[in-house]
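Asker: Which chain is which? The protein sequence lines are A and B, in order. Going by the numbering used here, the first residue of the first sequence is number 191, and it counts up by one from there. Going by the numbering used here, the first residue of the second sequence is number 355, and it counts up by one from there.
Keep in mind that the hints were calculated from the coordinates and are not lab data. We put the CB at the ideal spot given by N, CA and C, even for glycine. One should not assume that every hint holds.
[What the hints assert, rightly or not] If you want the ones that stay clear, here's a sample from chain B, every Cβ over 10 Å from chain A, calculated: (1) Val422; (2) Trp463; (3) Phe594.
[Claimed, not checked] Just a few of them, taken from the derived set where beta-carbon distance is under 7 Å, the chain B residues facing chain A: (4) Ser452; (5) Gly521; (6) Leu522; (7) Ser525; (8) Ser528; (9) Leu529; (10) Gly530; (11) Phe540; (12) Lys543; (13) Gln544; (14) Lys634; (15) Arg636; (16) Ile637.
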Amino acid sequence: MSLENNTSLIDEEIIRKDESKGLHNLIYVKDLSLWHGKQQTLKNVELNIRDKGITVLLGPSGCGKTTLLKTFNRLTDLDPDIKTTGSIFFEDKDILTKNIDVYALRQKMGLLSQRPHPLPGTISDNIRYALKLKGIKSKVEQDDRIEYYIKKVALWDEVKDRLKYSANSLSIGQQQRLCLARGLAIEPRVILADEPTSALDPISSRKIEEQFQELSKEFAIVLVTHILRQAKRLADYTAFMYYGEVVEKGKPSDLFENPKTEIFKDYLQVGH
Amino acid sequence: MNSRKYLVEKIVKIILLIFTIFIVFVLLSIFYGIFKKGLSALNWEIISQVPKGGYYFGKEGGILNAIVGSLYLAIGASLIALVISIPAAFFIHTYLFSYPKWQKRVRLWLDVLWGIPPIVYGAFAFNFMLFMGWPSSLLAAMITVALLISPVMIRSMDESLQHNSKGLFESALSLGFFKGEIGFKFLFKQSLPGITTAFLLALGKGLGDTASVLFTAGFTDYIPESITEPAATLPLAIFFQLSSPIPEVKERAYAAAIVLTIIILVISILSRVLSKRFSKNRIK
Numbered sequence: 191m192s193l194e195n196n197t198s199l200i201d202e203e204i205i206r207k208d209e210s211k212g213l214h215n216l217i218y219v220k221d222l223s224l225w226h227g228k229q230q231t232l233k234n235v236e237l238n239i240r241d242k243g244i245t246v247l248l249g250p251s252g253c254g255k256t257t258l259l260k261t262f263n264r265l266t267d268l269d270p271d272i273k274t275t276g277s278i279f280f281e282d283k284d285i286l287t288k289n290i291d292v293y294a295l296r297q298k299m300g301l302l303s304q305r306p307h308p309l310p311g312t313i314s315d316n317i318r319y320a321l322k323l324k325g326i327k328s329k330v331e332q333d334d335r336i337e338y339y340i341k342k343v344a345l346w347d348e349v350k351d352r353l354k355y356s357a358n359s360l361s362i363g364q365q366q367r368l369c370l371a372r373g374l375a376i377e378p379r380v381i382l383a384d385e386p387t388s389a390l391d392p393i394s395s396r397k398i399e400e401q402f403q404e405l406s407k408e409f410a411i412v413l414v415t416h417i418l419r420q421a422k423r424l425a426d427y428t429a430f431m432y433y434g435e436v437v438e439k440g441k442p443s444d445l446f447e448n449p450k451t452e453i454f455k456d457y458l459q460v461g462h
Numbered sequence: 355m356n357s358r359k360y361l362v363e364k365i366v367k368i369i370l371l372i373f374t375i376f377i378v379f380v381l382l383s384i385f386y387g388i389f390k391k392g393l394s395a396l397n398w399e400i401i402s403q404v405p406k407g408g409y410y411f412g413k414e415g416g417i418l419n420a421i422v423g424s425l426y427l428a429i430g431a432s433l434i435a436l437v438i439s440i441p442a443a444f445f446i447h448t449y450l451f452s453y454p455k456w457q458k459r460v461r462l463w464l465d466v467l468w469g470i471p472p473i474v475y476g477a478f479a480f481n482f483m484l485f486m487g488w489p490s491s492l493l494a495a496m497i498t499v500a501l502l503i504s505p506v507m508i509r510s511m512d513e514s515l516q517h518n519s520k521g522l523f524e525s526a527l528s529l530g531f532f533k534g535e536i537g538f539k540f541l542f543k544q545s546l547p548g549i550t551t552a553f554l555l556a557l558g559k560g561l562g563d564t565a566s567v568l569f570t571a572g573f574t575d576y577i578p579e580s581i582t583e584p585a586a587t588l589p590l591a592i593f594f595q596l597s598s599p600i601p602e603v604k605e606r607a608y609a610a611a612i613v614l615t616i617i618i619l620v621i622s623i624l625s626r627v628l629s630k631r632f633s634k635n636r637i638k
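Given only the sequences and the hints, what does the whole structure look like? Please build it.
Answerer: Next comes the structure, spelled out in structure tokens:
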């Protein structure tokens, strides 16, 4: 693991334990606290994100899941009122420090937001923007990759005859898959997904979930959701958050069968 | 209970209808007035010739100088305003994105600027020109009108970006675009219908505004050959001709008003057509 020379900064015990089980971590969140003005939104969060597989951040609305997700790609920078302490280690660096290239960081952490936000332009333009950002100039190669990525999200059959149409002409579920394809075209290491199915109908949601299971073989996926059943279906690793704290974390089999805290017991009960 | 609801519904409907009819009636009576008084003087000669010697005594010649002057002025002013407004509108939606308080303040300032009467802009520009020793010219008028219409232009682009721009902005940032890039690449496409409408609105305002050009554009019987020359404008031509005691000259003022109204009408229709065409790729 590339982070080994940095172990003094991170939880050595966890790494040893994980690596003995054959698990690799990609992101280490170390004692992360976040204030929004005077209000503390994240409280001493300790969390490891597995390389490959789906880490689900579960919890009720307003518990800080999305905020935690947005610190991973530094979208929190947009709010000058936000202050953080602690560290997030990713690829040998603490990404919360000032001298990080945020644009490169954001390309490594692809974000899929709650509602799809296609960029103004045609369906193929949307992928092309991403490819151009990656420096792919040849039109032929762009077209090849556009096909490749749209196929990868199982959208090709639905849109192959209307690539020149506005992305706006797609249904919301298709738009979400297009946004996923666009994010993949940036070639990220991690996929950050912020309740990506909450605006979708059940069939579109299922398609996205299937995509995630497929993609989790290649990428580390961090999925924010408040839907218990979705967490159970998808999680390889789960963290339950409540009012800015990670209350419980672990493998879903342990976590859902033996909840330790009252608050998580309640959540599991209500969710059923 | 239910019957009362129906009654109130009926009354409200009638009140709304009365006001609508009233405003349409006012508009139609203005049209009627202009056409009735001006149609007889409207002919090819008046729109194709510049004034001849005795024009202000009701003799031959036309208002081509004012038509061309107004079009030059309006197009020039709108282009200058566009150059000022596009970066300003994008700034509000990109770099000011993190500072909602400042966004609100800037919007308030722009609305206040928009509320300042054009004559104040005219007087301000005139004083400045006196101070610098510049004569009245087409350029001075263009700049004055551009400053006059920029606030509403910025606000109209701003409004067209209000919807959906937050999500769009965050998504584009997440892909690794930088803020300025997002402005000129995506917000531009997104606000193209808004920009078109704003441009044509500004064009109409530039054609129609009298007070701001009163001191700045000067007046001439000729078509200006460079932007440093003074220029005639339609509103001023109407104003001067209306103040004439000679009935033939007054008639010509109404003919000029018809020409101005028709130009504005064409621009309004154009603005609708273009704005619809440019909204094709807009994300709703």
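Asker: Give me the numbers of the hints this structure contradicts, sorted from smallest to largest.
Answerer: As far as the earlier hints go, not one is violated by this structure.
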